[in-house]
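Visitor: Residue numbers (the working numbering), protein chains in the order written: chain A, 1 to 1004; chain B, 1 to 459; chain C, 1 to 181.
If you are wondering where the hints come from, they were derived from the structure by calculation, not from laboratory data.
These numbers come from a predicted model, not from an experiment.
Keep in mind that the hints are not guaranteed to be accurate.
Claimed, not checked - Within a straight-line C-alpha distance of at most 16 Å, the following computed EDC-like cross-link-like pairs (lysine to aspartate or glutamate) qualify:
1. B:K195 to C:E26
2. A:K980 to A:E751
3. C:K54 to B:E221
4. A:K885 to B:E64
5. B:K195 to C:D144
6. A:K966 to A:D956
7. B:K200 to C:D155
8. A:K704 to A:D649
Stated by the list, open to error - Simulated coverage check for chain B against chain C, where a stretch passes if three residues somewhere in it have a Cβ under 8 Å from a Cβ of chain C:
9. 232 to 240
10. 362 to 372
Quick reminder that beta carbons are idealized off the backbone N, C-alpha and C, glycines included.
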Amino acid sequence: MSSVNRPDGRNGREYWRSLDQLSQTGEFKEFLNREFPQGASELEQVENNDWSRRNFITLMGASLALAGLASCRRPETHVLPYVKAPEEIIPGIAIQYATAMPLGTGVYGVVVEAHEGRPTKIEGNELHPSTKGASNAWIQASILNLYDPDRSRRVMQGASEKTWSDVTSFWRGELTKHQANKGAGLAVLSEQHNSPTFARLVRQFKSAFPMATFVTWEPAGDELKIEGIRIATGSVAQPVYDLAKASVIVSLDCDFVFGESESVVNARGFADGRRLKSEKESMNRLYVVESAFTSTGATADHRICLQVQRIGAFAIRLAQALRAKGLAIPSADGLSSIDLSDIDSKWVSELASELLSSRGRSVVMAGRRLPAPVHALVCAINSALDNVGSTVAWHSAPDVNVTNANEFATLVNAMKSGSISTLFVLGGNPVYSAPADLGFADAYKKVATTIHLGTHVDETAEVSTWHIPQSHFLEAWGDARSVDGTLSAIQPLIEPLYHSKSDIELLALVVSGVDARGYDIVRETWGASITALDFESKWRRALHDGVVADNRTAAVPALIDSGAVANALRSADLSSDKLSSSSMEIVFAVSGATFDGRWANNGWLQEVPDPITKLTWDNAAIMSVGTAEVLGLASGDIVKAGYSGRSMDLPVWIVPGNADNSVTVALGYGRRSAGSVGTDIGFDVNALRTSKAPYFDAGLTLSKTGRTYVFSTTQDHGSMEGRPIIREATYEEYKRDPNFAPEMVEHPPLESMWNEHKYDTGYQWGMVIDLNSCVGCNACTVACQSENNIPIVGKEQVRKGREMHWIRLDRYFAGSTDEPTVLHQPMACHHCELAPCEQVCPVAATVHDHEGLNVMVYNRCIGTRYCSNNCPYKVRRFNFWNYTKDYPETIKMAQNPDVTVRSRGVMEKCTYCVQRISEGRITAKKENREIRDGEVRSACQQACPTGAITFGNILDPNSAVSQAKKINRNYVVLEELNTKPRTSYLARVRNPNPALEGVSCGRG
Amino acid sequence: MSNQSNQWPHGDVLITGNQTFETVTTSVSRVVEQKPGKGWWMLFLPSLALALMSFSLVGQLFYEGLGLWGIMVPVVWGLAIVNFVFWVGIGHAGTLISAILFLLRQRWRTSINRFAEAMTIFAVICALMFPTIHVGRVWALYWTMPIPNQMNMWPNFRSPLMWDFFAVGTYFTVSLMFWYVGLIPDLATLRDRAKDKVRKIIFGILSMGWRGGNKQWKHYELAYLILAAVSTPLVLSVHSIVSTDFATSLIPGWHTTIFPPYFVAGAIFSGFAMVMTLSLIARKVWHLEDIITMRHLERMNIIMLVTGMMVGYAYSTEFFIAWYSGNEYERFAFINRAFGQYAWAYWIMVSCNVLVPQTFWFKKMRTSLVWMFIASILINVGMWFERFVIVITLASDFLPSSWGYYSATWHDWALLIGSFGLFFTLFLLFLRFLPMIAMSEVKAILPQADPHAHHEGGH
Amino acid sequence: MSKFREVTQIMMAEYASTGALMHAAEALRDAGYKDYDCHSPFPIHGMDQAMGLKRSPLGYIVFTVAVCGLIGIMTLMWWTSTTAYPLVISGKPYFSFQAFVPPAFAITILSAALTAVIGMLILNRLPQLFHPLFYSERFSRVTDGGFYVSVESTDPKFDAARTRQLLESLGGSHIEILKDA
């Protein structure tokens, strides 16, 4: 991959020299003179290497067309006029590469689309256990991080620009000293990893500097999860769920479809359990116990609303109930005093009996916020229910570097005491993200030499003695294990855009002073584990697939150390303080957009609305209706939030169904130095966070300030007004009335006054969206944004109602404000056969094509906007400003060359990814066959983790989409308007426990 | 010749003050022949300033884009379309007075038809400004015209916007010709009265060498009759077609068959209100009490009362049909109109358009200059809000998820004010340079114009 | 303007009232004059009969052109939407004539109106910025309150003396002979 073009044109020169040689061939000259007169005249310029982008394209076109022209003789020299020719690159044809995106203690296997060596789109890797071909908003948006114009571009020492060689020479100077005193005073603060190579380097580091400290810390990680498993089983392992096998799922504060680790596959597994091709099939049942509404809570069949600090108690109560039914679960009798009186006891008993009745087919999941003993208890419960090995497995994690709060605190104290003289920060941004009580920033200043490796000149970089730009995962070599231990290779698609290094390259330098290339470092690791005999072939295979096939780490046997669990529970402080409006619970959550703030400068993520609140560009103090009433607060009020002696201003956002006296705030906002996009967006709640209770704690007070704050939400109105837009029934009702969805609306026979156009030949594209699978995770929205070059418009424009997302997720609240349910509905252009938008356009800028697509002709559009008025679904988007005019060069590189970049004054909308359809048609034509079902997939469909979206040819009775449209849950929104949409929905079915009918969920 | 007392047929005294042909000529021509008074300048300069402001705003709009306005999804049509419909409506009274009343032989129209027609033309100019500037890519606007082009693309004649383009375009052209044809004899008068050479040449050219010969009058009268005859269906069709911009859509609150007649009634209603406002000012400034008499004003008030009640009837019918249809979206749209987030606009509309005209039941109010002036302005405020209420229905359509609240920006409002500036600038220039009253027509209805009045030898 | 070149001279007489003018018109008609005209500030009801003029043909012209306009625009819409560039729009037929009615109507009206105006000008030989009558000082009152009869010398019955005497006998005053200089 090293021969991929760099934008600075270094390889570019060689490239043109090669075209020079090319220009000697007769056909080429003749060709240019005939087809590209201006191009021919460029050839002289080319010689003295003076070229414009336009000529570039012209000549590119020339060389491409020439392939066909002169392929009779020695085609290879003509087809790819590179000196160092990457055989596979054909200009204009995108290539897919497998690589992986590490995140926390896991990794997402991805396949990246590259155009002429320029990565443009990321998809999940079918072969990878953590994505299985799907993805989420973070994976989709990571392509934009690569091209972020605010990325740090060069090594800095203080304010002065330096180079990598300065770093190496500096460190080589230091190294001897540190080797001499065994690394005393030397410390490395690293992000989480699950990488053999990184682990190897860490081991080397520890042996090279026995006195040095190596600490892994991130604001949010699976530390407590892994610790819990260690308590229960005595070995370091990560939980791997197979929810498709589960018929009963209990989530204890675990947002497994969205916020937690491995959300992609867990959402998929969960959805597999409720696809319901007919009323005869069975579906799983999901119980969720949580405080703030999450996507998981929204998909739940039963949602118990409980403050986080009491969910541990709930777990114990559940365990006791199971024990009472004779299950071998370590006792936690010491904690039988916990008050859960406001939760109907029927709850726990019914839940317990249902779990018992479905042993081996149930699973209990605990969220990363819950204390380790609770996780240990959950392990015990799962093992007692024989779920281990079927719905859950614990795979040993030999190479995991998980965040460790205690070690971090110790390190900070050491820094304060001045015993640390040299500190390497390998990624991360602790100055911003460290809990307030640690006073990390001050401690950091006390360290004589601080070397920060980071993607941006962020809060930490600003106060470091050295700053080294960090490579994006698409720029660097590496490896990583997924939670089940499957090994993935991380291969770059592009040479670093700037003078950046990866963390393994820096760590390798730290360890040995040798400036090794990431490529060699990784191969060294693998060489040790893979037999040298067929190393090359295995290596190439791994690069090709992105994963090393079936090399999962061993699963830990389900032998629970009951004593350890019991002790842990006894020693754990699970007694819940009394909560009131004067002493509330504060809960820290990772942001669905910026995670812990690392993606704050990613416009796609900032603008994608939160699944529940629909807020963009902000975090807020989320609280229940009841709490807001007590405190006399309304959404938008700014309150002074006081907790453990610190206080800050926060704007309030009220969400029905939040636990009372519990306030959830998202990490990852209020960055002071994130870049042009993310700086000063939202509120930095790390200012309230403490190391003793990093996730939740009591003692929060809120006081009115009288000031208000303006939010930007993409949906003002949360009620469905009793309209049959999202159609829903319980499983029982569905069984009784299988056709409830299509029959929900009475309307006269849908006939036209004229003979309609027949769409009875060729491909007729259509889509089905299964509302029973959709969890509202926004993967489709961001995937669409990436695929279709959709601009971001900024907070102010979103507030005005001018967001540009082609596919949006409508969120409705239903039921009472005490026990509401949340429904999600993806909404994009329905490609109506009798499209109302078309007839009103005076210039025929939106018309129908022969494959039933409602096509939008940007070049013809004059922007009367009547089409948007007349669209019953309001899915059309208008370019009120010239959003794309001032794109920086790097952002231009992120654009999909197959899709027009729209300018000011034109309407745009979902095209069913017409560019992908054409690509599929061309491929099929070349191979002289029909397009296969599933060959053309829309971006939203491909990204969707739950496979809720089906797309294809509705004329083919065997196509997946035709099959889906035959399901009796299939219905069309606003069918009575007789616009004959091509997109239809599968009604949602909830599966509440009949035994619990009428039993209150409580409001915590 | 004209020293005998005037005997008006049927005692129907349309012109008071013992007018002769000469007095009519002088009292009308005087206005354009003398230097404009203080009053004129005091009205003209501010109007001109506003007109220039609107031009600069349009320039800014072309340069920066539609983001300057308050429009958003779902309300992508805002004040621009409101103003368009409002101004087109204003125009209607002009054509109505000049064409329909002419066909109905309503002789009293002659005193007001000239500047009613002028008002039509200037109102339509203001109206046309808005659809022109409201498109996203104004430089491609000509694609709406059926002209051969390199793309081989043609307009979509199914679109109500295309219908608009044809209807309003035709309306403007026809009104302009109607107005000019009516002007020819009076231009000749000005030519013949002109003292200095420049005026003589200018009006000489404009009047095309009119000689008032009966052989000319013969064709002239028929042409005028035909123009009146074609303008009548035209004026009724224009606002009907404008109403299809809304009526042919499927948006609840827009998709209504009552719109065409209801829009026409509203147009006449607001148009007469505007004629009233203008004629009251002109009457005062140039002392035309004898030519624009109280009976003219009273009759216009009666027309406003009638059309006002038609409009009120339409409002109530809409609600009835919404309820009767049993369509939940339709029902919501109208409940929301009256009690939703834009209720304030709705009730302004109702009070100005339905309640205010009711006062014209009483002769005292009908003949009170002060009240009819206030009422005429209130009615136009109300009619502007009617269009606002209709356009804003977009804010809440089928899917609650896409509901929004539209609020206009300073740029929106400034353009509305600017359009009034443009209108009054043009109108004041007309009053200054052209005869505001059709002299030849007024003369034709004087008693002494009747050849048989004192020549019993006639047959 | 050819007609105008033939005009060598015009005899013009002023009359006191519409009645007098109409009386004169009838007398000249009965005397068999053709090339004469009666000028007044406004159209006088019944003057056509008094002068024995035929009805204006303008109506038929306008009707014909209007029909052509209607056919023309309908043909254009049919051709563009079915032949030149057929597009599937809202699944409607290529030739959705119902939707084509409004433009067709507007164009019909427009062609009628344009013909009416242009036709009128042509029939009246306007614009004609110069005419011998404009030599007369008094004739300028024709657009104010004056009534005039003008007899052209091209009329076979024209005879300077007799015609003048006839006009006087009908109550004409300020009789002038206007020559084309």
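Visitor: With reference to the structure, classify each hint as holding or not holding.
Guide: Hints versus structure:
With a CA separation close to 36 Å, the supplied pair B:K195 and C:E26 exceeds the 16 Å bound. The suggested pairing of A:K980 with A:E751 holds, with an alpha-carbon distance near 10 Å, which does not exceed 16 Å. As the CA atoms of C:K54 and B:E221 are separated by approximately 14 Å, the hinted pair is consistent with the 16 Å bound. As the CA atoms of A:K885 and B:E64 are separated by approximately 12 Å, the hinted pair is consistent with the 16 Å bound.
This hinted pair checks out: B:K195 and C:D144 have alpha carbons roughly 15 Å apart, not beyond 16 Å. Proximity of A:K966 to A:D956 is assessed by CA-CA distance (about 12 Å); at most 16 Å being required, the pair is judged to hold. For the hint linking B:K200 to C:D155, the alpha-carbon distance of about 31 Å lies beyond 16 Å, and the restraint is violated. Between A:K704 and A:D649 the alpha-carbon distance is near 10 Å, which keeps this suggested pair within the 16 Å criterion.
Closer than 8 Å: that is the beta-carbon criterion, and the region 232 to 240 of chain B has 3 residues meeting it against chain C, so the requirement of 3 holds. Under the rule that three or more residues need a Cβ within less than 8 Å of chain C, the assignment of the region 362 to 372 of chain B is violated, with 0 such residues.
When the structure is compared with the earlier hints, violations turn up for hints 1, 7, 10 and for no others.
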